[in-house]
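*Asks:* Here is what each chain is made of, one letter per residue.
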Amino acid sequence: MSKPITVWDLPKEEFLASGHRMCQGCAAAITFRHVLKAAGKDTIVSMPTSCGEITSTVYPHSAWRIPWIHVAFENAAAVASGISAAIEALKRRGEIPKEKDINVIAMGGDGGTFDIGFQALSGTLERGDNVLYICYDNEAYMNTGIQRSGATPLGAWTTTTPVGKVWRGEWRPKKRKDLIAIAVAHNVPYAATATPAFPTDLYAKVKKALSIKGPKLMHVLSSCVPGWRIEPEKGIEVLKLAVLTGMWVNYEYENGTYRVTTPVPKRKPVKEYLRLQGRFRHLTDEDIKKIQELVDAEVEKINKLVGKQVIGPVEG
Amino acid sequence: MSLPGWKQLPIGVVILNPGNSVEYKTGEWRTLRPEIDQEKCIRCRTCWTFCPEGAILEVSEPYKTKAGREFKLTYKVNYEHCKGCGICSNECPAKAIAMVEEVI
Amino acid sequence: MGKVLPLGGNYAVAYAVKACKPEVITAYPISPQTTIVERLSEFVANGELDAEFLHVESEHSALSVAIGAAAAGARSYSATCSQGLALMNELLYIMAYVRLPMALTIVARALSAPINIWNDHSDFMSVNDSGWIMMMSSSNQEAYDEILLAYRIAEDPRVLLPVITAMDGYIQSHVVEPVEIVDDEEALSFAPKRRSWVTLNPDKPVTMGPVGDPNWYFEFKRQLWEAMKGSRAVFDEAVAEFAKKFGRSYSAIETYRLDDAEVAIVGMGSFMGTIKAYVDRARKDGIKVGALRVKLFRPFPAEDVAKALSNVKLVGVMDRALVPGSPTGGFLHSDVACSIKQAGLDVRTLGYIAGLGGRLLTMDNVRQMVDVLLKYKDSKEVPKEPIFIGVRE
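Chains as they are written, first to last, in the working numbering: chain Y, 1 to 316; chain W, 1 to 104; chain D, 1 to 393.
Take these hints with a grain of salt, some might be off.
No more than 25 Å apart at the CA atoms, straight line, and that leaves these computed lysine-lysine pairs for DSS-like [as the list claims (entries may be wrong)]:
#: 1; chain 1: W; residue 1: Lys76; chain 2: Y; residue 2: Lys12
#: 2; chain 1: Y; residue 1: Lys12; chain 2: W; residue 2: Lys72
#: 3; chain 1: W; residue 1: Lys7; chain 2: D; residue 2: Lys377
#: 4; chain 1: D; residue 1: Lys204; chain 2: D; residue 2: Lys193
Hint data in this document are derived by calculation from the structure and do not stem from the laboratory.
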């Protein structure tokens, strides 16, 4: 195994320029920075409509120092497939040097991935197109002002799952759909979760994904200051807590094998993660107990995939 | 300010000099400003890593603390773009970054 | 010279696309378009055409792939119709405004509901404001030739707009006619790969498709108006060069026995064959009727249309798509009437709606159309509402 990546391995060069208009404390911006550091100069990004898209390319300004395209909301994966196909064809004709590796990355939010972009994503994955799809997941439609998406977790307040006399935030009784399992079911060679709170892990996974030909998927949990109702300085802290509570597990799938990349021998109670966020403020102890049970089940599922207990029990 | 007319714009809704967002000074959004205490800073790169703006600058400027510790690097804040979120301060393991109220 | 093959319109188009050597082909099956991409698949499968062929999961993704491919510098191709075109809708506008060239064939078919796979022009007409150059053929040879014209015009640096080439579903797509196939080298020398647009290239990064706020959006719309207008001269240049090179001449409109006509029928597509046949019959009876076929629909050849009709008393415009609630009931009629008005001519128009959802146009239907013109040619008032031809009352 190669030696683990440290923070000093992260390239200094920035491909996401300052002056973008993502919110104060935006974790997506941190995600984009490290994705691009890992991918490097020879990279083309296709982005669907999303908060990261509209805030980074307000004409005549753009923050993307690599070639970048936005077309519509539901098709980032298909656009990336087209780019990848063009590169293949132009290489065969000698118009792009054969030895030049160009990374094609589609990078969308959870709405653009779990919901409206799901069909195009499935197409790209099942065809085996040479694309890395990255979902930066802030768990709601933040661009339009915090509406519930297919990725919104149980109990979360959003503007379309408000807390009232009848409704108490998102009510889907199960964990949201499992994007990694969906990718694996498409027989992709590589799929991984990550979060910018563990930037070397994120960086290493993007590097690895891009070293593999074919369709790859990464699911990146990314906090949102207004949407999660957190203080702007808490964006990384809350993501660390997501991992330390088992609410989020950093793992990867590679050719049939699962590996947890951030082991958590003793978990913190999920309450610590929830209590930091205004979107979960209304939850009762009973609600939290239910969420804890969901997390316990998810952790057990992942431990089973890995074949050993890498994520431990909640510390007493 | 007068903006260019349609004849002056590049064809096809394309930005030909991307990265030019640096012209947009997001530093104006800031209400709290991070100040790095060079004496306390342990040069761990944490603030640089987590800054959403890429507004922590890692410069090759040597620094010697009063206690005699020598560093090859210095971290500085690009105040033109720092939005003052405070992630750097919150994550700093040495508690070397203070968030100070901006006075206009 | 090339060889002549017996080809349905779809196969004719497939041969033309093959000759233009696109790098990326992508489509989703839909009747009656499907045999175009079936034939292209065979060409690629046999090694006769070196292209990436992407089997997408929807027409939305088909055009998305084509946009991505064009943005990365490739010549791309797709074909669709009806609901498939409707599903592509938002992307048509985007591709035009980002100014990416491609050729897209519409094998014209009715729009649901009720679901109907047969021919009319409702799909074609529904995208008439999308910013694409749009032309419609009336023979399989013309359908073939339009592909060559499409790539030449689309990739011209003075244009940089995507082009729709349309033909009538089944009536053309599945009916065999002799079609002359040109050599690949000849096709490519007529429609060379210009690589004339800004692309996604890591050595020269650009941002495509940014947000255009109220300070900027309007300027890009204005830009497209000019590009569309300017494409007409390039079209004229292309058809002139085409005639020189291949011996077949086309123009934005085709007129038939209009010189001394008192009344005329204007329409598009394959029905014009029936109409021309009826004109010949009526002429034998001494009726002064002529016909005009619009080939190039966007940019609309307004001056040509007005000039050609300037000596006619009354014009009947046949639309094969219904615009419920509009003053004329049809896009073609509205554009023809407006062209005449803009030219300051004292020529009146009335409209027909005909051939919806695959309803055929008989010689007797055309006789009805001409009879209406003869009835009103000297009267002050003409019917304002469209006359529905061939519908049961």
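*Asks:* Please go over all the hints and tell whether each is borne out by the structure.
*Replies:* Hint by hint, here is what the structure shows:
no.: 1; hint: W:Lys76 with Y:Lys12; result: holds (14 Å)
no.: 2; hint: Y:Lys12 with W:Lys72; result: holds (15 Å)
no.: 3; hint: W:Lys7 with D:Lys377; result: violated (47 Å)
no.: 4; hint: D:Lys204 with D:Lys193; result: holds (20 Å)
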